[in-house]
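A.B. asks: Chain by chain, the residues:
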Amino acid sequence: MTWLHLMIVIALVCSVVVGCSSPPVSGGRGASYQVVYKADTALPVAVGDANDTHILSDELPPYKSVAGLSGEITSIGESTTTNLVARVAAEFRRMYPDVTLQVTASPISIGPAALLEGRADIVPMSRPLTPEEVRSFAKKYGYQPTEIKVAADALAIYVEKRNPVPGLTLGQLDGIFSRTQHRGGSSIENWGKLGLAGEWTDRKITLYGYGPDDGANQIFQQQVLDGGAFRLSLRVEGGGSSIVQGVAADPGAIGFASVFFACKRVRVVPLAGADGRFYVPTEENVRSHRYPLIRFLYIYVNKPPRQPLGGTAAEFLLFLLSREGQQIVADGGNISLDVATVEQGRRTLAE
Amino acid sequence: MGKVKKLKTAITIEMTQAVRLYLRTYQFASLLGVCIVLFVCGGCATPTSNRTKDEPQQISETDSNQPIRLAELDELTRAFADRYVGLLYSVCDALKKDNPDPVQRREAQVLMVDCATNIYDIASNADAFTRMLDLVVVTTLVSQVWIDDDRVAEVFAGREELLIRALHHGRVEAWALAAQVLRPDQIDLLDYLLWDWRRHNPDMVRVSFVRFSNFAIGRGKSANAEVLAAGGFFANVGQTGQAIDEARLLAERMFYMLKREPTLLRWQVDTLKDDIFTALDDRMKQTDAMVANVRAVVSEANELVTSLGPTSKSLNEMLKTADSVFARFEAWDRWAVDLPGYRKFDIREYTEAVKELALAVGKMNDMLKSSNELLGSSEWDRRIQQVSQSADERMKKAAEQSQRVVHDAFRRVYMAIGILFAMFILGLVAVFLVIRRLRTVAGNASDAGRKEMSK
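The listed protein sequences correspond, in order, to chains A and B. According to the working numbering, the first sequence is numbered sequentially starting from 1. According to the working numbering, the second sequence is numbered sequentially starting from 1.
Just so you know, these hints were derived from the structure itself, not from any lab. Just so we're clear, the structure is a prediction, and the values are computed from it rather than from any experiment. Errors might be hidden in some of the hints.
What the hints assert, rightly or not - Some chain B residues judged to face chain A by a derived CB distance under 10 Å, without partners named:
id : residue
1  : I68
2  : L70
3  : E72
4  : A79
5  : Y89
6  : D93
7  : Y120
8  : S124
9  : V152
10 : L194
11 : R450
Note that the Cβ used here is the ideal one computed from N, Cα and C, for glycine as well.
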């Protein structure tokens, strides 16, 4: 009798276990995305590998340290470039313990004002100074502020990883992001208008990007919207990482942010270059300017013409424009400069 | 935290040891007990009946344009913490609902417990500003791990949309909260810092334990924090944070066990519940012995807390001094929007104020360190080690026993299946024999009938 009970109980347990491991009956949420292209949709072949990053040129000049350097450098500027300056500053201070560096991130409009008022030795910026800012400076000092490019960056276009859009032109981006369409194209509000079919046809496009005070927003507005206005539906996020996650969490989303915020759940969309071919934002494509959406990170200094910039600030910039400095640029996620741009910057400092 | 985990593991494993006692025999009652426990566990893993929606509960957006007072920030951070935990609870509940995959159910449970524990830990922090930063850090890193790194697709394949929406929503609201206190460039910096930290720690999955202090004073751990500190970024915050953290740690060490006492009690109740299910015979005595063993661990922890008696006086004095310093800090009116000359919160001003505070706290620390009666004393360390050692030994013992339990259980299952199969074959043979016998009987009867008919 006992054995009979034992067998019944074991049979019950086995049935429970087997029942737990069986697949769910309903398919529901796990449905895969089937991509169907319309017959007339061109499939562009992107040039470059998006994972190909941090290539540092061997021809960049090595930094030669000087003896007994001391002094103070005050940096006030925009946060993206200030992050880079702060990284370089840490290494610079290790080399020169007697050098004091005061690095402060600020809203983008504060840096030019600090340069104008003489409160900052160097002013990091993620966009060039506006004509108005340059005029104000020139009016006070009688010459223009000196601009040094210190790193490159690409604004990548992100979509959710399952989004099959093969590539985009700047005109299409204008149609997507702009409410004014200065490039003359039509308004694009759903993915069907970009040639996607099936479940994507009627899927509404949601937009993610930076706020109006950010340098990336201003660059995008100039280079893509041709000075036009963003759609009011643009979802403004505080930083690049937040933008990319916004896209990652929304299958219908598209957003722009620096290329180094790429993550697994998004896809970087190739963009059509001037030659009509599609390019992904690799370092090579950025340095060669084949990828259309690039920007530089700048440092502005107050240097009278035909007077070399001297002192601690000049040494700091020389370090930044060296092989070691550019290595820090690459390690921080930015794109290091090519040799020609570095040499041009060094010449500007020495002239 | 590690010691509590050890205690938790020890208690959990010793609970399994109690079950093992009943598995030792083949009696029907014991097996029935196992079945009941299995069904009860299955029931625990299913969502509660009153949760009918698959959608996470929505969190209202905050207005990011209005400056807020400290009291408001205090309320907002605590309210957000509750909503975030509620959101995770409902989502994890939905993830577990009708989910046949035990790994997914366990991961959902772990995610919920990890996040809830840490969010409440943050919410109980004294400083609203630190609390806000910590909430941003945790919600952002958790969402990065699950969404950006696509862990959600690896673990919850087919059910990921729900979790993605919830975690992203939590992150968005946390940043909206931060936007009421920080300037846009500071938001941008924090966003970059967190992204950079994640880039340098790609393999860390349980990120809900990370706090803002990892960035502000994480020298040697994060190159970015080092750079920012060296460059004057958050340098004062970092130093101040370090000093405050040291002082706070002394107090927290005292309250550490007290705060976790309810959890320990809950485990004890769980143990007793298991007793009710399994105490069917005289082996109850052995179970009681094991429960007593568990209680010994808890008792040692309690003793640890009560041993602080002599030191608590000094600690109270220290806290009083700290209160006065903090009061001065708060009286600085950086939050008082209704006072003349109000400005929106500026992190540089904050750093200046906390720098002053750091000096005061630093002096206090020196005083505290010089006293043998305080928590940093060798007595405290000895007791900590005792508890830790005790937990380690129990864990080791329980682990060995649990392994035997597993082996025994599997052996018995194999035996039972073998016996079941053999009996099935025997049954078939018996049926076959019976049928043949019946056919023979029927044949004989038919022959007899035919003979009768021929007569």
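A.B. asks: Any of the earlier hints contradicted here, and which numbers?
C.D. replies: Violated hints: 1, 2, 3, 4, 5, 6, 7, 8, 11; rest satisfied.
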